[in-house]
Amino acid sequence: MSVRVYDLAHARAGDKGNTSNISVICYDGKHWDFLARELTPERVMDAFKYIARGPVTRYPLRNLKAFNFVIENALGGGVTISLAQDIHGKSLSNVMLAIELPDP
Amino acid sequence: MTSRETIRVGAGAGTSDDRMVPALELAERGDIDYLVFECLAERTVSRENLARSKDANLGYAPSLHARLRMVLPTCIKKGIRIVSNMGAANPLGGARAARKEAADLGLGDVPVAVVLGDDVSSIVRHRPELKLIENGEPLESILPAMISANAYLGADVVCEALNTGAPIVLSGRVADPSLFLAPMLHEFGWSSDDLPKIAQGTAAGHLLECTASVTGGCFGWPGKKDVPDLARNGYPFADVKPDGSIVIGKTPDSGGRLDVMTCSEQLIYEIHNPSAYITPDCVLDITGIALTQEAPDRVRVEGAKARPATETYKVNVGYADGYIGEGEVSYGGIDAVARAKWAAEIVKERLRLQGFTYDDFRVDLIGMSSLHDRMEIRPEPYEVRLRMTGRTRERRAAHAVGFEVRAMHMHGPGGAGGACEPRVRDVLAVKSVLLPKNLVNAQVVVEGSL
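Sequence lines, in order, name chains A and B. Residue numbering for the first sequence follows my numbering, beginning at 1 and increasing consecutively. Residue numbering for the second sequence follows my numbering, beginning at 1 and increasing consecutively.
Be careful, since some hints might not be right.
[Claimed, not checked] The calculated label-pair distances, taken between Cβ atoms and stated as ranges, are:
hint, chain 1, residue 1, chain 2, residue 2, range
1, A, GLN85, B, GLU380, 14 to 20 Å
2, A, ASP103, B, GLY333, 36 to 42 Å
3, B, ALA66, A, ASN63, 37 to 43 Å
[Stated by the list, open to error] Taking lysine-lysine pairs in the DSS-like style, the calculated list, with each CA pair at most 25 Å apart, reads:
hint, chain 1, residue 1, chain 2, residue 2
4, B, LYS100, B, LYS54
5, B, LYS241, B, LYS78
6, A, LYS30, B, LYS225
7, B, LYS241, B, LYS305
8, B, LYS224, B, LYS305
9, B, LYS224, A, LYS90
10, B, LYS341, B, LYS131
11, A, LYS90, B, LYS100
12, B, LYS100, B, LYS77
13, B, LYS78, B, LYS54
14, A, LYS16, A, LYS49
15, B, LYS314, B, LYS131
16, A, LYS16, B, LYS77
17, B, LYS241, A, LYS16
18, B, LYS225, A, LYS49
19, A, LYS16, B, LYS305
20, A, LYS90, A, LYS49
21, B, LYS437, B, LYS314
22, A, LYS16, A, LYS90
23, A, LYS16, B, LYS437
24, B, LYS54, A, LYS30
[Claimed, not checked] Coverage of chain B stretches by chain A, computed from C-beta distances (three or more under 8 Å per stretch; other residues unrestricted):
hint, stretch
25, 283 to 295
26, 386 to 396
27, 427 to 439
Think of the hints as simulated: they come from the structure by calculation, not from any bench. By construction, the Cβ of each residue, glycine as well, lies at the ideal position given by its N, Cα and C atoms.
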């Protein structure tokens, strides 16, 4: 049995240069500890390894029931030179939401 | 400075291509005091610099005309002051264009306060040793191709422009949250070392700077995160009190939603270290912020903290970096994916045979791999669109990409349809340096008589 990030949280991706930041915000704060334990930077890097070189840094934001993941070297060199269709990486939040975690 | 109890600062644009009607609705129905249009993306200033080099009257945001034509009559009538970075690479030219729009609308002689000094190209040109933040190389490495260099100015100089009393303030590059913080400094006289208030105002600016992103845009998900009447989504405003208390709201009787969920997404948006979000005005810490739903479509923001501003401005340096060529063509039905992959190999071979080379090249199958890669694990769709794109020093090589993809109609696998015209665009790359603030001469001039 597993649970997706999508089942517990919502997310939005932003861009700065060649770095993507993706927020993960719990619908219910009671899941924050579970995500803190399971949604590690290593697990996120593994999900993004086909798109980004990393590294991945995770910042906890307990006040917002949230985390901020900063994924470096993720946007094809950056918005201004990227050959990607989605140069801003707006759709990358959906890679995060699809990550499967062990059932709490 | 006034002794008003609450001011209301509205967001009228969060990008140069933002929708315009919600800004008018906010001006008409939102009871706002200020309307802020944030219209500059990273490379916009470079692009507008190129426009100005061809015509000295141009270089401001082209959307300035349509935006002002739409909102000026309401704003002038109601005394709503406009703050915007639509001056882009030519704030003085933008001011003249704005004054002409006002005159043409029969609004008379409307003075415009202009913020100057963000263009630091002549300063950084003499400092080739400045280090590029992105790769640590000296600025010298991109100086020959430099098109523009603009410092992200802060709220202080925008406040100075508001102090002139002009109904419109136009700037070039100013940090997005600073545009919103400036009216608060102007109204309440907050000093730059009153960090709790600067922090609250900066957090409010960050929540407002992407307009609809805090009112249900870039948010909805059917059945999971529903947004009522998204087609008529309204733009947000901040109610600000002299003590720094902030409540975010949105245009009455508009669509969309404004709640703790939408505000949380926007608060974290494009922030890296949440305890050190650097703006020209402060180093913001959002790790203690509490968001509370105070009433329907009203969210209170409390607990923003900040450390003093750094000694440097971030400067975006735009430079020419070759060309990107692009082409697309579609395949459908039996073996659609196999035919698209074969076409890609043929195009690559034809480009190679013509001797074209590319610094970066990419093949996407739209419907399978254009957003998240990993073609090998994706299920095959009924139809697929082949997209090929390459970055190169040579314009001819860039054009050849789209040309050869379009030629798949007649010279590739069977049943190719709907190719687009070959696309070529100039690459305006952006890198950044930090420049000591004391080297930058931010100043205000007024066009027209006050």
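Against the structure, the hints:
1. As the Cβ distance of GLN85(A) to GLU380(B) is approximately 19 Å, the hint placing it in 14 to 20 Å holds.
2. A hinted range of 36 to 42 Å for the beta carbons of ASP103(A) and GLY333(B) is consistent with their spacing of about 41 Å.
3. Between ALA66(B) and ASN63(A) the CB atoms are about 40 Å apart, so this pair conforms to the stated range of 37 to 43 Å.
4. With a C-alpha separation of about 21 Å, the suggested pair LYS100(B) and LYS54(B) falls inside the 25 Å cut-off, and the hint holds.
5. With a CA separation close to 21 Å, the supplied pair LYS241(B) and LYS78(B) stays within the 25 Å bound.
6. As the CA atoms of LYS30(A) and LYS225(B) are separated by approximately 19 Å, the hinted pair is consistent with the 25 Å bound.
7. Taken as a hint, the LYS241(B) and LYS305(B) pair is honoured in the structure, with Cα atoms around 17 Å apart against an allowance of 25 Å.
8. Distance hint between LYS224(B) and LYS305(B) is unfulfilled; the C-alpha atoms sit about 33 Å from each other, more than 25 Å.
9. Between the alpha carbons of LYS224(B) and LYS90(A) the distance comes to roughly 19 Å, so the proposed pair stays at or under 25 Å and holds.
10. This hinted pair does not check out: LYS341(B) and LYS131(B) have alpha carbons roughly 43 Å apart, beyond 25 Å.
11. Of the pairs offered as hints, the one joining LYS90(A) and LYS100(B) is violated, with about 38 Å between alpha carbons and a cut-off of 25 Å exceeded.
12. Under the criterion of a C-alpha separation no larger than 25 Å, the hint pairing LYS100(B) with LYS77(B) is consistent with the structure, at around 17 Å.
13. For the hint linking LYS78(B) to LYS54(B), the alpha-carbon distance of about 38 Å lies beyond 25 Å, and the restraint is violated.
14. A hinted pair counts as satisfied when its Cα atoms are at most 25 Å apart, and LYS16(A) with LYS49(A) qualifies at roughly 19 Å.
15. Proximity of LYS314(B) to LYS131(B) is assessed by CA-CA distance (about 12 Å); at most 25 Å being required, the pair is judged to hold.
16. Between LYS16(A) and LYS77(B), the direct Cα distance comes to roughly 39 Å. Violation of the 25 Å bound is thereby established for this hinted pair.
17. Proximity of LYS241(B) to LYS16(A) is assessed by CA-CA distance (about 32 Å); at most 25 Å being required, the pair is judged violated.
18. For the proposed pair LYS225(B) and LYS49(A), the alpha carbon gap of about 28 Å is over 25 Å, so the pair is violated.
19. Pair hint LYS16(A) plus LYS305(B) holds up; C-alpha atoms about 23 Å apart against a cutoff of 25 Å.
20. Between LYS90(A) and LYS49(A) the CA atoms are separated by roughly 17 Å; this keeps the pair inside 25 Å, and the hint holds.
21. This hinted pair checks out: LYS437(B) and LYS314(B) have alpha carbons roughly 9 Å apart, not beyond 25 Å.
22. This hinted pair checks out: LYS16(A) and LYS90(A) have alpha carbons roughly 12 Å apart, not beyond 25 Å.
23. Proximity of LYS16(A) to LYS437(B) is assessed by CA-CA distance (about 22 Å); at most 25 Å being required, the pair is judged to hold.
24. The suggested pairing of LYS54(B) with LYS30(A) is violated, with an alpha-carbon distance near 59 Å, which exceeds 25 Å.
25. Coverage of the stretch 283 to 295 of chain B by chain A holds [criterion: at least 3 residues with CB-CB distance below 8 Å; count 6].
26. Against chain A, the stretch 386 to 396 of chain B contributes 4 residues with a C-beta closer than 8 Å to a partner C-beta. That satisfies the three-residue criterion, and the hint holds.
27. Counting residues of the stretch 427 to 439 of chain B whose CB lies closer than 8 Å to any CB of chain A gives 5, so the stated coverage by that chain holds, three being the minimum.
In this structure, the hints that do not hold are numbers 8, 10, 11, 13, 16, 17, 18, 24, in rising order.
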